[in-house]
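Each chain, written out:
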Amino acid sequence: DVKVTQSSRYLVKRTGEKVFLECVQDMDHENMFWYRQDPGLGLRLIYFSYDVKMKEKGDIPEGYSVSREKKERFSLILESASTNQTSMYLCASSGSWIYTFGSGTRLTVV
Amino acid sequence: LAKTTQPISMDSYEGQEVNITCSHNNIATNDYITWYQQFPSQGPRFIIQGYKTKVTNEVASLFIPADRKSSTLSLPRVSLSDTAVYYCLVGGRSSYKLIFGSGTRLLVRP
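These protein sequences, in sequence, are chains A and B. Mapping to our numbering: the first sequence position 91 is 1252, numbers consecutive. Mapping to our numbering: the second sequence position 52 is 34, numbers consecutive.
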């Protein structure tokens, strides 16, 4: 069964901390994505990557960066966490038009 | 990417058939229609994908009329566990970026 694994299910971080969210896929997919999901706002695309070391901004990249050093791993970095980045973060990968999502990381910034 | 319009919410009872219609008037020639299901605190899960006419799998059916400006997801004999948010997405296989709408919140009652 194909899998996208997010390293943490729940995280609590302090304002100003640098936060790393890790995502690993075992499907040899080219494309990987980071979304955040907030009540009333749905899923919004933060960044995506269509190849190793390649990345493109999504709709809400401000305050975030990403790293894709290996095909199977896509990391989301919050350079200086703020309370408005409290959210559910979802990673996904795709080899075609069908996406596989991870279970999500619920991040709380206090 | 074509914009989609779905009902915000629907109610049903166990054992009934549920049909959720999605409108996508600006669908392009090479666009596919894909539906995802999302339970609370989980990532969306692929249900079904189609291009035209009818597609059926073990979970659902997808009906697409000839003009492809709408599609209907049909869930036969729903159970309480089908309570979830259902997203309709439209896009071409050459585009690897998914844009989620608000989805339809389906509530299945006993």
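Careful: at least some of the hints might be erroneous.
Chain B stretches covered by chain A per the calculated footprint, using a threshold of three residues with CB under 8 Å from any CB of chain A [to be verified]: (1) -11 to -2; (2) 26 to 38; (3) 80 to 92.
In case anyone wonders, no lab produced these hints; they're calculated from the structure. For each residue, glycine too, the CB sits at the ideal point set by N, CA and C.
Hint check:
{"no.": "1", "hint": "-11 to -2", "in the structure": "violated (count 0)"}
{"no.": "2", "hint": "26 to 38", "in the structure": "holds (count 4)"}
{"no.": "3", "hint": "80 to 92", "in the structure": "holds (count 6)"}
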